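Q: Sequences are here, hints too, so could you generate the full structure?
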Amino acid sequence: MFVVNTDSIPGFRIVEIKGLVQGNTVRAKHIGRDLAAGIKNIVGGELKGYTELLTESRREATVRMMEQAKQLGANAILNVRFSTSAITAGASEIMAYGTAATVAPLN
Amino acid sequence: MVIEKKHLKSLLARESKIGDIQLTNLKGFSASVNPAHPVALVCGEVAIASDAFKRFVFGFRNIFGGESAYYCRLFARARREALLRMIDQAKSLGYDAICNIRFDSSDIGGNAAGAGKKKNMDMAVCMVSGTAYFRARNEENA
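Heads up: the protein sequence lines correspond to chains A and B, in order.
The first sequence begins at 1 in this note's numbering and counts up one residue at a time.
The second sequence begins at 1 in this note's numbering and counts up one residue at a time.
Honestly, the hints are just simulated from the structure, not real lab data.
Because the structure is a prediction, the values reported are computed rather than measured.
Heads up, the beta-carbon is just placed ideally off N, CA and C, and yes, glycines get one too.
Some hints here could point you the wrong way.
[Stated by the list, open to error] Derived EDC-like pairs: lysine to aspartate or glutamate, alpha-carbon spacing no greater than 20 Å straight-line:
(1) A:Lys29 to B:Asp122
(2) A:Lys29 to A:Glu60
(3) B:Lys27 to A:Asp7
(4) A:Lys48 to B:Asp51
(5) B:Lys9 to A:Glu46
(6) A:Lys29 to A:Glu56
(7) B:Lys9 to B:Asp88
(8) A:Lys48 to B:Asp104
(9) A:Lys18 to A:Glu52
(10) B:Lys54 to A:Glu46
(11) A:Lys48 to B:Asp96
(12) A:Lys48 to A:Glu60
(13) A:Lys48 to B:Asp20
(14) A:Lys48 to B:Asp122
(15) B:Lys5 to A:Glu46
(16) A:Lys70 to A:Glu16
(17) B:Lys6 to A:Glu56
(18) B:Lys5 to B:Asp122
[To be verified] If the Cβ cut is set under 10 Å, some of the chain B residues that face chain A in the computed set are:
(19) Glu4
(20) Leu8
(21) Leu41
(22) Ile48
(23) Ala49
(24) Ala69
(25) Glu81
(26) Cys99
(27) Asp104
(28) Asn120
(29) Asp122
(30) Met127
(31) Gly130
(32) Tyr133
A: Here you go:
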């Protein structure tokens, strides 16, 4: 499945727009990682645990969005956007949304 | 502060090694696309913590108001790091151009959420996404 954040895919034409699809997730890391982040907050530097948390959350949200698109019978998601919100300390909420469509090669 | 200097040094070193990759935040594809390679979504994300001393110093800045150069640099570092990670991902997949680059920030520290009694953490969280594609070379167009 094509997942892109542009509104077209070069070499392909849009056959049918299936509609808006979305996926979201709220994830947290175990307390050990939170403690490590607390210590890192004293000395500064990259919070590897939270970077990982973001990567995982984004993947999870994208996969959920793709599942929804699959149910609609789409083979591409166009104009994908990510949005985040603040829930509580140590947790990340990521929502991925885009337009599900069926695309076919130009020739 | 040592960590910041080290990070800035590594950022400079890696940025100089990016090479020939075209970055745009235009919605469409700014160069003709090589149809042999399908386009792909690439992402990069990073969370960087502030240190306790700088947070303490910012307390004074907050009284008088004005720009906080340290926090400014902190966010700039986070954006550059996330962008580099996205470029690395695109390059490892063999792409040589990224369009429609979007920057996003998040809040893991719980500052915007108002986490109540739980101690909030100062950090710059940056996510970047874009569409990677393979440029059709000029020689091929001619």
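Q: Each of the hints needs a verdict: does it hold here or not?
A: Here's how the hints hold up against the structure:
The suggested pairing of A:Lys29 with B:Asp122 holds, with an alpha-carbon distance near 17 Å, which does not exceed 20 Å. At roughly 14 Å between alpha-carbon atoms, A:Lys29 and A:Glu60 fall within 20 Å of each other, so this suggested pair holds. As the CA atoms of B:Lys27 and A:Asp7 are separated by approximately 7 Å, the hinted pair is consistent with the 20 Å bound. Distance check on the hinted pair: A:Lys48 and B:Asp51 sit about 15 Å apart at the alpha-carbon level, within 20 Å; holds.
Restraint check for B:Lys9 and A:Glu46: the C-alpha separation of about 15 Å stays at or below 20 Å, so the hint holds. Proximity of A:Lys29 to A:Glu56 is assessed by CA-CA distance (about 10 Å); at most 20 Å being required, the pair is judged to hold. With a C-alpha separation of about 17 Å, the suggested pair B:Lys9 and B:Asp88 falls inside the 20 Å cut-off, and the hint holds. With a C-alpha separation of about 18 Å, the suggested pair A:Lys48 and B:Asp104 falls inside the 20 Å cut-off, and the hint holds.
Of the supplied pair hints, the one linking A:Lys18 and A:Glu52 is violated, its CA atoms being roughly 32 Å apart against a limit of 20 Å. With a CA separation close to 15 Å, the supplied pair B:Lys54 and A:Glu46 stays within the 20 Å bound. As the CA atoms of A:Lys48 and B:Asp96 are separated by approximately 27 Å, the hinted pair breaks the 20 Å bound. Distance restraint check for A:Lys48 and A:Glu60: the Cα-Cα separation of roughly 18 Å lies within the 20 Å cut-off, and the hinted pair is therefore satisfied.
Of the supplied pair hints, the one linking A:Lys48 and B:Asp20 is violated, its CA atoms being roughly 29 Å apart against a limit of 20 Å. Taking the CA atoms of A:Lys48 and B:Asp122, the gap is near 15 Å; set against the 20 Å cutoff, the hint holds. For the hint linking B:Lys5 to A:Glu46, the alpha-carbon distance of about 13 Å falls within 20 Å, and the restraint holds. For the hint pairing A:Lys70 with A:Glu16, the CA-to-CA distance comes to about 14 Å; that is within 20 Å, so the pair holds.
With a C-alpha separation of about 27 Å, the suggested pairing of B:Lys6 with A:Glu56 is violated against the 20 Å cut-off. At most 20 Å may separate the alpha-carbon atoms for a hinted pair to count; B:Lys5 and B:Asp122 meet this at roughly 19 Å. With a least beta-carbon distance of about 7 Å to chain A, the hint placing B:Glu4 at the interface is held under the 10 Å criterion. A cut of 10 Å between beta carbons decides the hint on B:Leu8: the least distance to chain A is about 12 Å, and the hint is violated.
The interface hint given for B:Leu41 is met, as the beta carbon of that residue sits about 5 Å from the closest beta carbon of chain A, less than 10 Å. The restraint placing B:Ile48 at the interface with chain A holds, with a minimum CB-CB distance near 5 Å, inside the 10 Å limit. Checking B:Ala49 against chain A: minimum C-beta separation of about 5 Å stays under 10 Å; hint holds. For B:Ala69, the suggested interface contact is broken, since its CB lies about 15 Å from the closest CB of chain A, more than 10 Å.
Using the Cβ-Cβ criterion of 10 Å, the hint placing B:Glu81 at the interface with chain A is satisfied: the shortest such distance is roughly 8 Å. A hinted interface residue such as B:Cys99 counts as satisfied when its beta carbon comes closer than 10 Å to some beta carbon of chain A; here the least separation is about 7 Å, so the hint holds. A least Cβ separation of about 6 Å between B:Asp104 and chain A falls short of the 10 Å threshold, and the interface hint therefore holds. A distance limit of 10 Å between C-beta atoms decides the matter here; for B:Asn120 the minimum to chain A is near 6 Å, and the interface restraint holds.
Interface restraint check for B:Asp122: the shortest CB-CB distance to chain A comes to about 7 Å, inside 10 Å, so the restraint holds. At its closest, the beta carbon of B:Met127 sits 6 Å from a beta carbon of chain A; the interface hint therefore holds under the 10 Å criterion. Interface restraint check for B:Gly130: the shortest CB-CB distance to chain A comes to about 7 Å, inside 10 Å, so the restraint holds. With a least beta-carbon distance of about 7 Å to chain A, the hint placing B:Tyr133 at the interface is held under the 10 Å criterion.
Of the numbered hints listed earlier, those contradicted by the structure are 9, 11, 13, 17, 20, 24.
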